[in-house]
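Undergrad: Letter by letter, the chains look like this.
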Amino acid sequence: MSDTYFTKDHEWIKIENNIGIVGITKYASEQLGDIVFVELPEKGSQAEKGKDVAVVESVKAASEIYSPVSGIIIDANENLNEAPEVVNEDPSGAGWFYKIEITNSEEISDLMSEQEYLELTGD
Amino acid sequence: MRYLPLTDKDRIEMFETIGIKDIDDLFSNIQKKVDINPDLKLPNHMTEIEVEKNLSGLAGKNLHANNSAFFLGGGSYNHHIPSSVDHIIQRSEFLTSYTPYQPEISQGTLQYLFEFQTQVSLLTGMDVSNASMYDGSTSTAEAVSMAKRITKKNRVVLSSSIHPHYAQTIKTVSGISDEDLSYKGDILENLMDIESQIDEDTACVVVQNPDFFGSCHDLSYLSEFIHKKGALLIVVVTEIFSLGVMKSPGDMGADIVACEGQSLGNSLNFGGPYVGLLSTRKKYLRQLPGRIVGESEDVDGRKGFVLTLSAREQHIRREKATSNICTNSGLCSLAFTIHLTLLGELGFKKLSLLNHEFTCDFHDMVSRLPGFEVVSKSFYNEFTLKLPINADDFLDSMSKKGILAGIPIKRLLPENKNFDNYIIVACTEMNSKDDFDKYVNSAKEITS
Amino acid sequence: MNEKGENKGLDHDEPLLFDIGDLDKSGVDIQNPKNKKNLLGESFENRNIGLPGLSEPESIRHYVRLSRKNYSIDAGLYPLGSCTMKHNPRLNEKLARLDGFAKVHPLQPSSTCQGALELIYEISYWLKELTGMEAVTMVPKAGAQGELCGMLAIKQALLSKKQSHKNKVLVPDSAHGTNPATAAFLGFEVITIKSREDGTLDFEDFKKKLDENFAAAMITNPNTCGLFENEIIEISKLIHDAGGYLYCDGANFNALVGKVKPGDLGIDAMHINLHKTFSTPHGGGGPGSGPVVFSELLSDFCPTPAIEKNNETFILHENINEKILSMSFGRLSAFHGQMGMFVRALSYMMSHGADGLRQVSEDAVLNANYIKSSLEDVLTSAYEGYCMHEVLFNDDFLEGTGVETIDFAKALIDEGYHPMTIYFPLVVHGALLVEPTETESKLSIDQFISTIRNLAKKVQEDQDFFKKAPKYTPIRRLDETKAARNPVLRWKKEDVIAAE
Chain A
0 MSDTYFTKDH
10 EWIKIENNIG
20 IVGITKYASE
30 QLGDIVFVEL
40 PEKGSQAEKG
50 KDVAVVESVK
60 AASEIYSPVS
70 GIIIDANENL
80 NEAPEVVNED
90 PSGAGWFYKI
100 EITNSEEISD
110 LMSEQEYLEL
120 TGD
Chain P
0 MRYLPLTDKD
10 RIEMFETIGI
20 KDIDDLFSNI
30 QKKVDINPDL
40 KLPNHMTEIE
50 VEKNLSGLAG
60 KNLHANNSAF
70 FLGGGSYNHH
80 IPSSVDHIIQ
90 RSEFLTSYTP
100 YQPEISQGTL
110 QYLFEFQTQV
120 SLLTGMDVSN
130 ASMYDGSTST
140 AEAVSMAKRI
150 TKKNRVVLSS
160 SIHPHYAQTI
170 KTVSGISDED
180 LSYKGDILEN
190 LMDIESQIDE
200 DTACVVVQNP
210 DFFGSCHDLS
220 YLSEFIHKKG
230 ALLIVVVTEI
240 FSLGVMKSPG
250 DMGADIVACE
260 GQSLGNSLNF
270 GGPYVGLLST
280 RKKYLRQLPG
290 RIVGESEDVD
300 GRKGFVLTLS
310 AREQHIRREK
320 ATSNICTNSG
330 LCSLAFTIHL
340 TLLGELGFKK
350 LSLLNHEFTC
360 DFHDMVSRLP
370 GFEVVSKSFY
380 NEFTLKLPIN
390 ADDFLDSMSK
400 KGILAGIPIK
410 RLLPENKNFD
420 NYIIVACTEM
430 NSKDDFDKYV
440 NSAKEITS
Chain R
0 MNEKGENKGL
10 DHDEPLLFDI
20 GDLDKSGVDI
30 QNPKNKKNLL
40 GESFENRNIG
50 LPGLSEPESI
60 RHYVRLSRKN
70 YSIDAGLYPL
80 GSCTMKHNPR
90 LNEKLARLDG
100 FAKVHPLQPS
110 STCQGALELI
120 YEISYWLKEL
130 TGMEAVTMVP
140 KAGAQGELCG
150 MLAIKQALLS
160 KKQSHKNKVL
170 VPDSAHGTNP
180 ATAAFLGFEV
190 ITIKSREDGT
200 LDFEDFKKKL
210 DENFAAAMIT
220 NPNTCGLFEN
230 EIIEISKLIH
240 DAGGYLYCDG
250 ANFNALVGKV
260 KPGDLGIDAM
270 HINLHKTFST
280 PHGGGGPGSG
290 PVVFSELLSD
300 FCPTPAIEKN
310 NETFILHENI
320 NEKILSMSFG
330 RLSAFHGQMG
340 MFVRALSYMM
350 SHGADGLRQV
360 SEDAVLNANY
370 IKSSLEDVLT
380 SAYEGYCMHE
390 VLFNDDFLEG
400 TGVETIDFAK
410 ALIDEGYHPM
420 TIYFPLVVHG
430 ALLVEPTETE
440 SKLSIDQFIS
450 TIRNLAKKVQ
460 EDQDFFKKAP
470 KYTPIRRLDE
480 TKAARNPVLR
490 WKKEDVIAAE
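Residue numbers (numbering that gives the first Met the number 0), protein chains in the order written: chain A, 0 to 122; chain P, 0 to 447; chain R, 0 to 499.
What the hints contain is simulated information worked out from the structure, not anything from laboratory work.
Check before you lean on any hint, since a few could be wrong.
DSBU-like mimics (lysine-lysine), calculated; alpha carbons at most 35 Å apart, straight line [what the hints assert, rightly or not]:
hint, chain 1, residue 1, chain 2, residue 2
1, R, Lys207, R, Lys160
2, A, Lys25, R, Lys470
3, P, Lys400, R, Lys322
4, P, Lys399, P, Lys437
5, R, Lys492, P, Lys281
6, P, Lys443, P, Lys399
7, P, Lys281, A, Lys48
8, A, Lys98, P, Lys443
9, P, Lys31, R, Lys470
10, A, Lys42, P, Lys151
11, A, Lys7, R, Lys193
12, R, Lys481, P, Lys147
13, R, Lys160, P, Lys183
14, A, Lys48, P, Lys282
Same shape as in the complex, but just chain A:
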């Protein structure tokens, strides 16, 4: 069974066993506007909770993506290199950014539930 959590910086992370898939929320993609470029982390690199791990660029803004949890990057969505617009079209699905092997499962308890995130964005 997988569970999806959220951060105050508008990232989502879908966790199953010890692997998380990370992306940005619909709210974030709407705020940014048309995504033109995504800078993904390298496979095998280390990510630290709360530290920047990727960059998403639109015509009017560029934003850091902060990793919701610490771990090792096991996959990155190379498809976004050719088609960054997928992030706008399907931010919660095909617009995923990277997969991470979580090294400290205690960090999961710091993440927000969907309910809490929706309250944050006032939806």
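Given the structure of chain A, go ahead and fit chains P and R onto it with the hints provided.
TA: Same frame as chain A, but now just chains P and R:
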């Protein structure tokens, strides 16, 4: 006052609309805190006649390239600028237009910048270029910052023969600590000795070609070495005309090329404004700072140009910007591109070779002077001379004879005690045989 | 590129240089090289560069046609807030081109260029006198570099007091992006200060954020909302009591020049944009010049070079080892600064004089307030009361119309105007910032006001008109997303061959 269109009648009408009695009513909140209408120790307004008299007087006190035999280079060169260039850049629509943020009414600017970017890429042998930087020195500093971001490493190695002002600028502006910077200005150091300074923590190596002392190198071998160490090669070019007779920096393995473009379209101007060029490989495109013009389409499918990749710029990324630069060199880059268009491949290469040939002629004459030694083994249009007397004394005596005879190296490298008798001399297509004769005869006289 | 050029009356479709130029053409006659032996060594190559050339008549036509696609201040008003698009006097152009300024080399012996050094000394004096500050450096190449210079001086000052641990810089949320970018670039931690409802800095928020690691605050005055920061003197006192420094972004100096001395407000450094307040031309994006004035707290840390007057001789100090530069933070760029812009700016200053410059700020502030009073009923002012040299509107007046600030701006283009500054400052929603400057006549401003009034009315009736704007320009709205997703940043021969 000739630049102020409002009349007293206008002002009174406007006061009425706003509902005030006096202009100082609009400054009343300031008046509560501080004095307004201060007493300024400055003259009152002047007519064109008076201003012209004043400033011409100052201009008249200077020796310059048109009233002297002129042999100065060192990062700023005296070339002929075709009359059309200055005429076109003074057109209202180029001179007095704003940055092209509204592309629909700025296609003139955007298209010439797109052409400029292409010309610069062709000259440097690289994939992409931006729409210009302030000048060669800040362009080089930005190249260093770029290399650090790309490689995520901190050490920077500067060749001993880059322009000392450029080395100083890099030190100040690229945020490198003393431990991380390797540099010592010295003509006597062999370029290849630089290899011992490069290690796995090196982000980039900065080499100038032709170098500050005039010498030319093929950097291909050095670039292989640098790349093996995981560092980037930044090549600096201060005399654009050299690129007409030499291998391009791109062909020599450069990853980033930073140039001073002043030689095309822009006068000496006592050091500014100039135009910096910055080019790189396609893979580093998104790390390129400054303004960049890209192609696009409008709603009717017509091709047009826009400022693009601006999300990296400071006004959007604020704390995370790739650089702090805001302006490009606008009119100076226009002058550059017009001049290069007028020259074309044919003219540029011809002029490029001519500069070198004139310098060779001068070289032959001056190397025969007793006590004078040409230090540079190979050169483009400037070389280093060792004099039989102190450089400052020599140049002073020469300038009294109307000859601007060279740049004393110790002026830019004062800590190095070896250079008291060394000067750098440059020639361009603007030098004549008379200049050479005058130089040689006066030099003989002074040093006998 | 369209296969056939689409001309429309006086507007000509002009192809790229690479589509009309020729490798064998040149517009410059050059004597033939002799092609004898060369001394270039191993790096010599007879390269094929690929540079197209044009004859002189073709070149002039190419660039004249391009020029006609540009709006310019010579042709019409630019209501651009924060940019100070004033008239560029032609006397300035004439004087900058005198051989005695344009053909002087920066590394000539000082004895041969005393007039050039004197000019820099003279403009330095004018700037110190106008700002009431202790010292000035003419070196920075543009406003953003001026900011860098000011903050580097502050960093150096802290270093000299062994207080480099103080690394917090306070910046208002309304600041121009270059401010926090410059601070962050230098390694400072940027803390944002909120703005109050009335558009000024929240003094309480500021006081709260001052701590023992406070280094400096970067404030714009008048601020980016067009308002004078009334508590600036109190702020400066608190800053100095905390051992910190006050940097002032001088982009809006046009509101104060000749009228108020920034030095009286307790600032420690301020950059001045010669291309804004002092009329040097914007040139389609540059070159600029950003000298920085300093208080006595920072005057020792100026960058190199510096010019000193000794009896009647001007001395250029360049070497960091010299006593006068011993605490300098170093060199910002090669040579001595944007001399070409100094000549222009000094010509402007002398032309106006003290009385003229005071008239400049008065007329600038008058014109902006006249616009505010004349448009307040149809647009929505962000703030009440008088503004300074620029007036800020928000997009409340567009509510319910479906038209956004960007659409309103694009419609203004069809009316013959460059749009005002939009979406800046960020503290106001859908901001429209209008700065007429003092070189607009009352007639010009009345015409602008009338146009805006008509557009404001139309916005209630015809949304489509705004969404489709502009219609009358040589090119219409461009796809900026496409340009950023697939950047094409140059012409390539391979692309042309592939297309054929």
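Undergrad: Compare the structure with each hint and give your call.
TA: So, going through the hints one by one against the coordinates:
1. R:Lys207 x R:Lys160: Holds, at about 25 Å.
2. A:Lys25 x R:Lys470: Roughly 34 Å between the alpha carbons, so the hint for A:Lys25 and R:Lys470 holds.
3. P:Lys400 x R:Lys322: 33 Å, holds
4. P:Lys399 x P:Lys437: Holds: P:Lys399 and P:Lys437 sit about 13 Å apart, inside 35 Å.
5. R:Lys492 x P:Lys281: Distance of about 16 Å is within 35 Å: holds.
6. P:Lys443 x P:Lys399: At roughly 15 Å apart (the allowed maximum being 35 Å), P:Lys399 and P:Lys443 satisfy the hint.
7. P:Lys281 x A:Lys48: 32 Å, holds
8. A:Lys98 x P:Lys443: Violated, at roughly 77 Å.
9. P:Lys31 x R:Lys470: Outside the cut-off at roughly 49 Å; violated.
10. A:Lys42 x P:Lys151: Holds, at about 17 Å.
11. A:Lys7 x R:Lys193: Holds, at about 21 Å.
12. R:Lys481 x P:Lys147: Roughly 29 Å between the alpha carbons, so the hint for R:Lys481 and P:Lys147 holds.
13. R:Lys160 x P:Lys183: Between R:Lys160 and P:Lys183 the Cα gap is close to 29 Å, so the pair holds against 35 Å.
14. A:Lys48 x P:Lys282: 29 Å, holds
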